[in-house]
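Trainee: So you can see what is in the structure, the chains are spelled out below.
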Amino acid sequence: MMVKKNGLLAAGAIAVAASLALAGCSAGSNSGDASSEADSSALTVWVDADRAAVLKDAAAAFTKESGVEVKLVQKDFAKIQEEFIAQVPTGKGPDITVAAHDWLGNFVSNGVVQPVELGDTAADYQQVAVTAMSYEGTTYGVPYSIENIALLRNTALAPTAPATFDEMTAAGVAAGTEFPYLVQVGPEADPYHLYPFQTSFGAPVFGTNADGSYNPEDLTVGNAGGEAFATWLAAEGAAGRMSVNLTGDIAKEKFYAGASPFLLTGPWNVPDAQAAGIDVSVDAVPSAGGQAAQPFVGVAGFMVSAKTKNAIAANEFLVNYIGSEDVQTALYEVGGRPPALTAAFEAASSDPITAGFGAVGATAVPMPNIPQMGKVWQFWGVTEAAIISNQGDPVQLWQKMTADIAAAIE
Amino acid sequence: MMTTPGTERDRAQIVAAKKSRQAGRIAEAASAGIKVLLVKVLLLGIVDAISVYALFVLFIKQDWLVFSLVLLVTIVVNGIYFRAKGLPAKYLTPGLIFLIIFQIFVIGYSGYIAFTNYGTGHNSTKEDAVNSLILSSQERVPDSPSYAVTVLEQAGAYSFLVTDPDGEISVGSPDAPLERVSDAETDASGQAIALPGYTTLNFSDIVNNQEAIAALAVPVSDDPNDGSLRTPDGSAAYLYLSDLVYDEAAGTMTDASTGVVYTEDPSQGSFIAEDGADLQPGWKVEVGLANFAKAFGTDSIRGPLISVTLWTFAFAFLSVATTFALGLFLAIVFNDLRMRGRNVYRVVMILPYAFPAFLSALVWAGMLNPQFGFINQVLIGGAEIPWLTNEWLAKFSIIFVNLWLGFPYMFLVCTGALQSIPDELQEAATVDGAKPWQVFRLIKLPLLLVSVSPLLIASFAFNFNNFNLIYMLTNGGPRDVTAGVNVGATDILISMVYKVAFVGANRDYGLASAFSILIFVLVALVSIISFKQTKALEELN
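In order, the protein sequences belong to chains A and B.
According to our numbering, the residues represented by the first sequence are 1 to 410, in order.
According to our numbering, the residues represented by the second sequence are 1 to 541, in order.
Some clues are possibly wrong.
Claimed, not checked - A few chain B residues that face chain A, going by a derived Cβ cut-off under 7 Å, partial list only:
| no. | residue |
| --- | --- |
| 1 | G234 |
| 2 | Q371 |
| 3 | N506 |
Treat the hints as calculated values from the structure; they're not laboratory data.
For glycine and all other residues, C-beta sits at the position ideal for the given N, C-alpha and C.
Bound-form chain A, shown alone (with noise of 0.2 Å):
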């Protein structure tokens, strides 16, 4: 009797805690979608941990001044573009999300988000970032911070900002330190930290339109400026400069150690730097090539959703408190990137690492956003890594890795 009893108690346990499960799913995931009807006029955003405390403030000023309430949803940023092109379909994602640039020709392919309209607030950005925003000639975000790599400098090491590329190596070698530059390649190489190198001899991956934009129709990589940074690669891989033994965290904490004077790094790595207690300055990269020497620049900002309802607020949100100085501002102050509203990055250059970096991402090239850039980077790494490891002829190898990637894209 006992015994039955207890079971008896247990299985209707058990089946409760079933049942509230089941009828939970399905009961939480409809409630969510009934209560954002029921107050349509809320703005929902995704954000990162650390924008979320700066964006409390500006949700609060839109509120009082629009009557709109905000509501801030953390996410975690890496997870953010996956999430995001899930959820938006099914009705349930956000009316505004962070984002990086270079997801945007993903989020049009896949129709999740919506043209923005700057108007004549764009004329206020750096020009770099409203044209990474861009897609297709369409704005679709508001941007908030641009990040790109530079030639961090050991003052103790290096007095003077190298010109060139052979100025830096003499100074290098001059140190007397292990290495006469750093920069991290790896087992698979590092294109995005090599590409300013790359651009110094005139290849970039593809080719642009008039108004900046890229065109993948047009794939400049196998040019011979290509072949020439084929061959300078395979140079510096026989000197030893260049190694793909030196991981990303092998060449910084090389750095960190002093042995060497260069590091090819972005601002992430500062931090760390200075914290072990390096002087660092941060200079233009030096070109190898002759031509002017180009990082990669990724932007941050916010895109709204091609399913949003409330596409003035959002817009609204957007253009006028997040596109503000103090916003722009406060996302530097916690995020450490240049701000892409020229005002706020003048503001903020009086630190002269930030104006480093900024100075240098004035005059770099957004990361490609279209699609086809995905078919490049499985080929343009192992094919650089090849060639700095020296095996086989680095032209032919460039040119295999060009007809490769035209393939791919086709």
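Assemble chain B onto chain A, guided by the hints.
Mentor: Okay, now just chain B, sitting in the frame of chain A:
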């Protein structure tokens, strides 16, 4: 009828006593049952309340499929727990419900995806694709000015009161192109803010009707090619031209500037022009066996498929064999009572098992770095052995690292199994004159295999899909750059699927699902064969 009053009374007494005993039992059962019943009613009440809420929401959303499913499950659950009989069902129902939701539905859905083109550019319905194409095709006329606009309402219809950069004021609605007005009320800056006969909307009115207002397009003249004004924020309007014109009846999208007609193709889920160019995004459709045809028919996939499959089998088999051999050996050694400090050793042995596998793989990738890694620098004294960049050494390194990661598990399992083998068997064998090796080979190993072989099969299936290790240690590399395919020497099937289906930012969930079905078939075949063998082993004993 001859009956004596005495016996009659006796019988009546007996019946009464019986009845009262029966009544007592019922009362007892009822009093014990009332608590159970109360708890049952209460808990089921909560479940039903949530179900009714869910049903209510689903009814409003008119989601009839889910509605009927929830209704059915609620009725079945109530029926099962209020029925007196059917005790097994009471135990099994919760588990079955979870099984259906989290296993059968998920597997079935993945299987369904394999027959669709779900992925980048095809991730929603046709309606969404059309909406998105129309939204994106609104292009602002280059160098056109911005117009100050006030949104007006008259009898439920909206109009724009527009002040152009020259200060001229006009009014227009989607049906009536812009027309000059002279009686508008203006503010200090000369911007028109009201018009007699119309109500001016303030920002909160605009926000409350923003869907309708954001969709307003007011033509600037009778000629649609002059473009129309739209307002993204309710206070400024810009001149837009729409590139794409959608004809729902004909199922076509026409590019107004080039005149190219894109016709919808229901078999591919996109609008396709005559020259084969398509508009992005398309929508999700069922494509039959196209994904399987792609898996076997594309050169860049078919080429490496055979070598990758062979290596996957070799990797999974060698991983199980090496970890089992080492784990078993250590288990026997540490099971010997003569060994001192066995517990300390055992704890040390289990340590690799306690680290997250992907973390260990990353650490090993660093230690195996040819120039700066611990192995070459410290252990081998500066030799530059390309552990991860030579094809065969990379394969060796993968199996070696997996051995380091996997032997503690086998060690634990074997220790447990060994300790369950009775000592008498070993004693009896020793008395019969068996040597230690014979005892191990003829007695311990067969007994051990009976209990361990299902785990070996599970371990094989796990390693067959051991994505973490490959991805973190070599990322499938080294790759032959002259081969022109994105597959390296140490790629196993699952990491190849990842590279093929999820290259760059492109996601091809359909293709990935088709591949997972193929992998499932392979693993299932191997498992069935192995289990058959195990059964034979059991019968032997």
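Trainee: Each hint needs a verdict: does it hold in this structure or not?
Mentor: The hints, checked one at a time:
The closest approach between the C-beta of G234 of chain B and any C-beta of chain A is roughly 5 Å, which is under the 7 Å cut-off, so the hint is satisfied. For Q371 of chain B, the suggested interface contact is upheld, since its CB lies about 4 Å from the closest CB of chain A, less than 7 Å. Hint status for N506 of chain B relative to chain A: holds, with the closest Cβ pair at about 5 Å, below 7 Å.
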